[in-house]
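With the hints as constraints, model all of the structure from the sequences given.
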Amino acid sequence: METPAINALAVETIGLTKRYPLTWKRKVLVALDHLDLQIRPGEVFGLLGPNGSGKSTTLKMLLGLVVPNEGVARIFGLPPDSLAARRRVGFLPENPYFYSFLNGDETLRFYGKLCGVTGTALEKRIEELIDLVGLQNGRERPLRSYSKGMLQRIGLAQALIHDPDLLFLDEPTAGVDPLGSAQIRDLILRLKKMGKTVVFSSHLLEQVQEVADRVAIFSLGKKILEGSLDLLLTESRDTQVQIPGELDSVRQEQVCRLLGQAGIDPAGVRFSRPRLSLEQLYLRTVQTQPGVSLRDSQPRP
Amino acid sequence: MITSLHRIMVIGRNTLTEAVRRKVLNVLLVFALALVASSVLVSQLATPDLDNAGLFDPQIKFVKDFGCGAIGLFGFAIALLSTAQLIPDELEKRTIYTILAKPVRRSEFLLGKFLGIVFLVVLAVALMSIAFSLSLYWQEVRAMAYADSIYDVGFSNFPEVVDKVHRYEAEEAQIQARGGDAAMQTQAIRALDEKYRREEAGGGAAKNSVEEETNWERSKDTVEAYDRDVRQIHDQIRDPQLIEAILLIFAKLIMSAGIALFISTFATSSIFTIVTTFLIYLIGHLESVARDVWLQRGAEVTIWQSGLLGLLSLLIPDMNSFTIVDEILAGNHVPWTHTFDLLGYAGVYLVVLLAVSIVIFDYREI
Amino acid sequence: MTGLPLRLRLRRALLVALILGLWAPAKIVWELRIARAQNQLRYQGVTLTRQLRDQLGQGLSIGVLSGMGNVVADLVWLEVTIAWENQEWFRMGGLINLCTALQPRFITYWDMGAWQLAWNASVAATKDLSLPNPLRREKASRFWINQGLAIYKRGIENNPESWRLWADTGLLYEQRLGDYRTAAYYYGEAAKRPNCLTFYERFPAIMYGLAGDDWNSYEAWKALWERLTPAQRAEPRHEGDRIEKEIRHFEQKLSIPTEKRVFPN
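Chains as they are written, first to last, in this note's numbering: chain S, 1 to 301; chain E, 1 to 366; chain L, 1 to 265.
Among the hints, a few may not be true.
DEER-style ranges, computed between Cβ atoms [claimed, not checked]:
{"no.": "1", "chain 1": "L", "residue 1": "L210", "chain 2": "E", "residue 2": "A182", "range": "26 to 32 Å"}
{"no.": "2", "chain 1": "E", "residue 1": "A182", "chain 2": "L", "residue 2": "H249", "range": "19 to 25 Å"}
{"no.": "3", "chain 1": "L", "residue 1": "H249", "chain 2": "E", "residue 2": "E171", "range": "28 to 34 Å"}
Part of the chain S face toward chain E, derived, beta carbon under 7 Å [unchecked claim]:
{"no.": "4", "residue": "L63"}
{"no.": "5", "residue": "L83"}
{"no.": "6", "residue": "R86"}
{"no.": "7", "residue": "R87"}
{"no.": "8", "residue": "F91"}
{"no.": "9", "residue": "P93"}
{"no.": "10", "residue": "Y97"}
{"no.": "11", "residue": "Y99"}
{"no.": "12", "residue": "F110"}
{"no.": "13", "residue": "K113"}
{"no.": "14", "residue": "L114"}
{"no.": "15", "residue": "V117"}
{"no.": "16", "residue": "Y282"}
Hints listed in this document are in silico derivations from the structure and should not be mistaken for laboratory results.
Because the structure is a prediction, the values reported are computed rather than measured.
All residues carry an ideal CB built from backbone N, CA and C; glycine is no exception.
Structure, rendered in structure tokens:
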């Protein structure tokens with residue numbers, strides 16, 4: 001087992017490749033093509049790309065579930081399939097893959113014991129997590145009766161049961177209502193503040209935008225683009241200025257003239273009204289309603 | 001090491017919980033219990049009324065055969081069906097991903113799942129054995145009642161007569177235990193016999209001495225024969241060797257589960273696992289024949305046939321050697337050393353199957 | 001769809017081959033040892049011959065093949081009872097043979113089977129009015145006795161340590177054939193078997209007496225007396241009194257010289 005360096009990268013892949021031979025077509029499917037990836041500890045990293053682009057293959061290899069054909073992957077400098085690495089990793093699967101005959105408490109107890117958390121420490125942790133994800137109502141009911149949102153919550157709880165340093169979240173907000181999504185997003189930010197690394201994949205690009213520090217975009221097994229959101233999204237050519245209050249056309253002309261004096265071509269200046277995102281409007285509306293608290297979303301019947 | 005075993009146990013208990021919470025297995029178990037009980041009823045058809053040594057044999061044997069047969073059959077169904085869907089279920093429902101993302105080795109996962117099945121089979125066999133014991137007890141009660149009915153002919157109070165003869169025999173045994181001079185012993189026994197013969201005649205009722213003697217002799221002979229039959233019933237029903245039989249049946253079940261597990265590590269569907277394991281189970285009963293033919297290399301066997309027979313003999317377990325359970329159920333003696341030998345064979349075979357299963361599963365793409 | 005790299009596939013195959021390769025010879029050796037032990041217990045199990053398969057039919061054959069041979073034997077035995085009630089003697093004989101073939105180590109199949117033939121079937125033959133004359137009936141009766149005898153003998157071959165089979169064969173010779181000398185032999189063998197009932201030890205001598213063979217009867221009584229320890233002679237079940245009485249009777253009757261007598265006075 002390699003001794004991890006003091007400032008090891010949370011995730012590192014070098015030339016990671018996975019091929020599947022399709023015997024009936026006599027071709028080879030390259031699920032992942034020489035991926036080089038580096039994720040630093042404490043980052044929130046987003047994996048983006050269409051279905052079949054290699055995101056889930058990457059995730060499986062980083063979890064030690066699949067063996068690469070070429071290349072190397074390391075988690076905190078350790079091989080991903082080693083117990084030491086997996087002790088520091090928590091995983092929230094896409095469709096929650098849990099035993100439906102267990103209830104919430106039993107599920108957390110089961111996974112906790114597998115991670116080596118036992119006794120009163122385990123019980124305490126279960127209480128903390130139930131509280132954190134807001135599952136007090138459903139903890140005694142079997143998972144088969146849970147709604148999608150509740151399954152996501154228990155999924156998060158079991159991913160965190162052993163207090164991992166690195167979290168892999170596969171589509172964490174898929175199928176969750178906006179209130180729940182917001183809570184999950186807040187949780188991710190809170191985890192980041194605790195110094196944890198979060199790697200998540202999502203199709204809800206708006207949400208990724210709100211939380212991630214850096215993203216990578218995959219397509220057809222290759223990583224096409226990688227970088228910090230600031231750098232990638234900023235239209236580097238232009239600058240935005242936010243002015244309080246509404247400007248009528250007269251005042252707009254005045255501003256243009258001022259900008260012209262600063263050496264900016266008034267023809268390229270645009271005026272527009274900043275918009276709320278729909279999510280912000282929704283949350284603002286729903287949260288100001290009496291009787292709805294942040295953690296208390298009732299499970300759907 | 002301890003943490004590894006702990007993880008295996010956690011998964012094992014979870015597997016058992018899942019199996020018990022599934023209703024299907026409960027139904028199977030109810031069927032099995034009903035079958036064991038009905039064997040007692042069916043055995044009533046087994047023999048006509050005969051007064052003959054071995055009168056109760058076929059009936060009791062029937063109950064034992066049927067009961068153990070049901071335990072074997074239903075135990076096999078439970079073991080096979082639940083093992084066959086262990087891995088396919090986990091793969092289909094993807095629950096395996098969540099578990100293997102945790103610090104759990106694949107081998108621990110596999111062993112844990114199998115341990116759960118072992119728990120399940122132990123539970124099933126234990127419950128069925130209890131039902132079996134009850135059916136045996138019931139059969140004993142019936143047999144005793146029947147014995148009473150055929151021996152008490154001509155006696156107004158048969159239990160009292162039995163009691164009296166037993167007292168006589170107890171005193172006789174005491175005289176013999178005291179030892180000493182043979183002639184004095186004989187005399188003492190004769191005196192005892194005389195005393196009981198007088199008693200037999202009843203308080204004061206004057207009967208001639210010939211009749212006295214006949215009554216007493218008849219009592220002794222009848223009770224002796226009655227005791228013999230009772231002892232035979234007890235020996236057959238309360239046979240400690242039945243524990244050996246149950247253990248051997250259990251070993252066969254666990255081996256079958258092990259084979260199912262091995263097949264399922266590379267099988268694509270649970271149906272394939274079930275059919276293949278069942279076929280191996282059947283072929284296993286012929287393995288000893290194949291082995292003998294292969295080892296003796298008779299002239300009638302071609303090289304291809306010899307190769308096939310050899311392959312069978314080297315890989316397929318000898319299931320037929322466990323049929324020695326029949327011997328135990330027929331009332332013949334099978335020493336514990338032999339049972340341990342068979343159990344050891346099953347145990348080592350199981351370890352081999354588990355080892356190979358772990359190797360194959362370790363590298364399985366999920 | 002295995003994307004498993006070649007080196008890992010090879011490693012997997014090698015490990016599997018290694019484990020199985022180590023186990024296979026050990027397995028054969030172990031199995032042979034178990035087979036030897038079972039031979040010593042005189043347990044051969046059932047080999048499903050073609051003949052057996054034909055007699056049983058497919059369903060029951062699979063039953064035998066899946067290790068439930070004893071239940072199959074029990075079911076066939078039910079048929080024996082039914083055949084007896086319907087007086088179908090030949091069918092009954094065939095079924096008895098089937099049962100004993102399926103489970104040769106269960107004494108009662110041989111015992112009751114032979115008894116059914118040598119007594120029940122045989123006696124029924126003497127009353128069978130479909131046969132024209134008494135001689136024919138006697139011949140039929142003899143036929144069934146011989147059938148029963150054959151079964152007893154095969155039973156003894158398979159279960160030589162069973163006192164019941166030896167004793168009941170003796171009974172057949174005594175009661176059905178009137179052959180006291182052969183009966184004496186069989187009773188003697190029975191008495192040597194473990195767990196045999198005590199009174200059988202006296203039967204050889206008694207049989208010789210019934211045969212009118214005083215000399216052999218005397219020898220048998222004498223041999224028995226000498227076999228028993230003084231403590232045993234005192235036990236009621238060995239009937240020491242009676243043995244002494246018989247020996248004295250014969251020593252008198254055969255005029256044995258005093259110095260050779262067991263009981264000179």
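Here is what the structure says about each hint:
1. L:L210 <-> E:A182: 26 to 32 Å: holds (30 Å)
2. E:A182 <-> L:H249: 19 to 25 Å: holds (22 Å)
3. L:H249 <-> E:E171: 28 to 34 Å: For L:H249 and E:E171 the Cβ distance comes to about 32 Å; the hint holds.
4. L63: Check passed: Cβ of S:L63 comes within 5 Å of chain E, closer than 7 Å.
5. L83: At about 4 Å, which falls below the 7 Å cut-off, the nearest Cβ of chain E leaves the hint on S:L83 intact, so it holds.
6. R86: holds (4 Å)
7. R87: holds (5 Å)
8. F91: holds (4 Å)
9. P93: Holds. Min distance 6 Å.
10. Y97: holds (4 Å)
11. Y99: Holds, because the Cβ-Cβ distance from S:Y99 to chain E comes to roughly 6 Å (cut-off 7 Å).
12. F110: holds (6 Å)
13. K113: holds (5 Å)
14. L114: holds (5 Å)
15. V117: violated (11 Å)
16. Y282: Check failed: Cβ of S:Y282 comes no nearer than 32 Å to chain E, outside 7 Å.
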